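Each of the two chains sits in its own frame; use the hints to bring them together as a complex.
Line by line, the protein sequences are chains A and B. 1 is the number of the first residue of the first sequence in the numbering used here; add one for each residue after it. 43 is the number of the first residue of the second sequence in the numbering used here; add one for each residue after it.
Under 8 angstroms between C-beta atoms, here's a sample of chain B residues computed to sit facing chain A:
1) L118
2) G121
3) I123
4) V125
5) T130
6) T312
7) T316
8) S320
9) V323
The hints are simulated quantities; they were obtained by calculation from the structure and are not laboratory data. All figures in this text were calculated on a predicted structure; none of them were measured in a lab. Note that the Cβ used here is the ideal one computed from N, Cα and C, for glycine as well.
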Amino acid sequence: MGPWSTPWETFVAWIVIGGSVVLALVWAVAVRAEHGGGEVKR
Amino acid sequence: MSTSAIHILVLAVYMLALLVVGIVATRRTRTADDYHLGGRSVGSWVTALSYVAAYFSSVVIIGGGGFGYRYGMATLWIGGINVLVGCTLAWIVLGRRIRRFTERLGTMTVPGFLAERFRAPEARVLVSIVIALFLVIYNVSILKGMGNAFEVLMGIPYVAGVLLSGAIIILYVALGGYLAVVWTGFFQAWIIGVGLVLLTVAALKAVGGLTAANVALAQIDRGLVGTPGVWGWAGLVSYAMIVSFGVWGMPQMVVRFYSVKSVSVLRAGTVLATIGGSMAVLPYLDGAIARVLYPGLPTPDHAVPVLAKAVLSPWGSAVFLAGVIAAGMSTFAAVLIITSTAVVRDFVGGGLGRKLSNRAELRWSRIVSVVVGLVSLGVALKPPDLVLVLTAFSWAVIASTCLWPMLFGLYWKRATRWGAVASMVGGLSTALVWIALGSPFGLHGFIPGLAAGLVALVIVSLLTKRLPEDHLDRIWGTQR
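Next comes chain B alone, as it looks inside the complex (with noise of 0.2 angstroms):
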């Protein structure tokens, strides 16, 4: 069998995989809940390792090669810092007052648990407008990602990559919802983690071991062996703190921790999350060791792509291949439930006031569905350049706005209504003027971002006045 028909058989019977998973979910989403949450029914395996493929996209396998193959060994941490601040930490300090805060709140959603849990009705409007503005971009560059996976993998013509992968996947959410998004994502992980090891392993084997990778990258350039190495600190642990402590404002990320089936389950879930993400290091490691195998590439995008063609065998190369794919596919869905519950419940449900039927909820929630993930399509055929930088925009700016707000939101009594505004106004509008601005002394918006929204949220919170005892207390559970 040729190459490329193994490739093709692979990636359709894991297409076909997804479809079926699609739609046993459709016929267990029968309310909006069950749309926009699972029912609050899943449980640790399922929660974990789609928050981990949720977590990873295409962007992060391609993209962090490049980082590698351009910095070399100091990427490691990245990965590294992946693991312990955006998958053991959050789950650690997040899930478990999140689920149980949100029960008490009755809400389901992260603009809705702002607006309880600070009685801070724009908040609502506010949060679920940056999700669907910013989600999208970020849909987009997932989509770019994961079209350029087909080019140069496949040689499948970018847009076909995207319209084909695009349109499975906005039919599975629109019709199984949040369930059908857990489960494929459960189910991508494992794809994604095989692909990412197969590949590592052959990688260490045409370099001749790890110390021979150092080695001949010392040979090279000693800045690629060393930290902060050749990138320097400024860019390395902005970075590194964008896509870790980022996701702890992440909507899509902390929405697992609203639909586990109970605080129990976190306990498991935040070891196999962990366990699951230590995949993050494998990219930036390939992409270091192409720097040996392939050290003239034209871009530093083509290194883990050129390195899967070259070392693998074209059964292990497919595998890979629909890693890739899996690691687009689940996050784009991810985001897809989010922006259509933001929409929905939030904005047109919450902020605008307009009640609906259950059945007419769920109806528009598929509706919106469809739409967002097809505007993100429409526009990902023609995209703006720079996959990651675009993908750190997005996140940074959503980040920006909601992570204070919901970490103080579970762990400080004392922030306030107007705390929580003044955090998320703050962290938004510093984050885009400082983008805007060129990121000036070369420090990704994020970091202003979130240094402005704290300094916001502490000062307005102690100037204004408390929240009502009763209100706390029962977000706490400790009234008498």
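Chain A extracted, bound-state conformation (with noise of 0.2 angstroms):
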């Protein structure tokens, strides 16, 4: 019995967060490539 036996649905969490985390980084770079590198000002 290998750890594949897990029902997928146990590992659908883990990918959601998975994919946030690299949605975030992601869009921190569009972010910052748009602004060129810095946005200032309060």
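Next comes the structure, spelled out in structure tokens:
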């Protein structure tokens, strides 16, 4: 009985979380590019 | 050293550290703006992790474990959706616009933003009343969760636990204001995270790994390892929506975006909040593991406390206990400051039109924090049952009122004053009526409240006069 006998649903939460981290990173990089590296002022 | 001595030592060090942070924050709080929003000077780490700490209360840890125990692995979805919708997307969709718009409008509160954005003074009064009323109910459920944690994990009587933690929170919020809330929140997020990771590692070890847990759960009931499993889609989806999408309309959460130092802080903050928020999944997993190890508990809410006592060393369980208490304290503090701001700045200052001097406002904000805190404490000493239902109830009402006007206020220029007001009144009343009817069709009041609020906002906005173009240009920053 290996780890893949685990029902697929139990991995989904981890995949959603991993996907969220990737999404956040991609967004952060995209926004950085959009503003040429730094947006200022309060 | 005995286990209870270790618990008391760790807890005492932790409480002392909170007071020190509170005192340092007090020295930085000189004006009413400092008190309510930390002078818009907060960086990405503190903003992101205090957001996470305000998000998860003791109720989520204990109650989430209870859900995992009852419904099994399908509840991990709730944790996943918490991260994606409640953290990542909330930051991406709301963060930058809220920071920019509130600065252009010169407003520092959620009721204030809605009033200025829609030129709707009635929105300020309505939302500040809803906040004051329903966040106090939420406060009570947080305190109750903490009191139960003290009782079950440490054997400290409920009343003593509630009074001790409540008094310390009221003290540091009243003195240090918003900065005390976010700094202690930052510190507490770490404790919550470490506590949950320790418990999860020990629980996985005790049960023999994730696969063994799944196999054993499937033997108890196949539904405990499937989706939607024994809970069913209606319950699972509506609960996940309330605790994830609902965050978008919760003032104590979105206010974090008002107070950041600059828009660029939100980039790193989004990543940090996502990573920090991922601990949301752990209580559900721990609860499911507890089902395997301790199948006959009298109530699912005992799952996580019993697990912690059994699988952790005395030092480990002391840290976990501090984490549970930290989760409750950080949320209570976040709610307390936002209620004080709503009452003093929006209801008295904006709604009743009483102009207070800076010093008077600072003094009154402190007094209101203490009064709201004491009222919550008083009610929590002899509270109604069903912690999680109560939390979901108050969340649902606030979110049904604020969510659409907030979101459409940021993204739809055609949204009008009366559209926003109709959405608030429609969302609030539908949610309340639905809950009073006993949640027909097994659907939580949040869903019909949200649907009514959306329809009302769109239809009434399209039927009423558009806001002046120069006002919208100023907010969107597109004027020539």
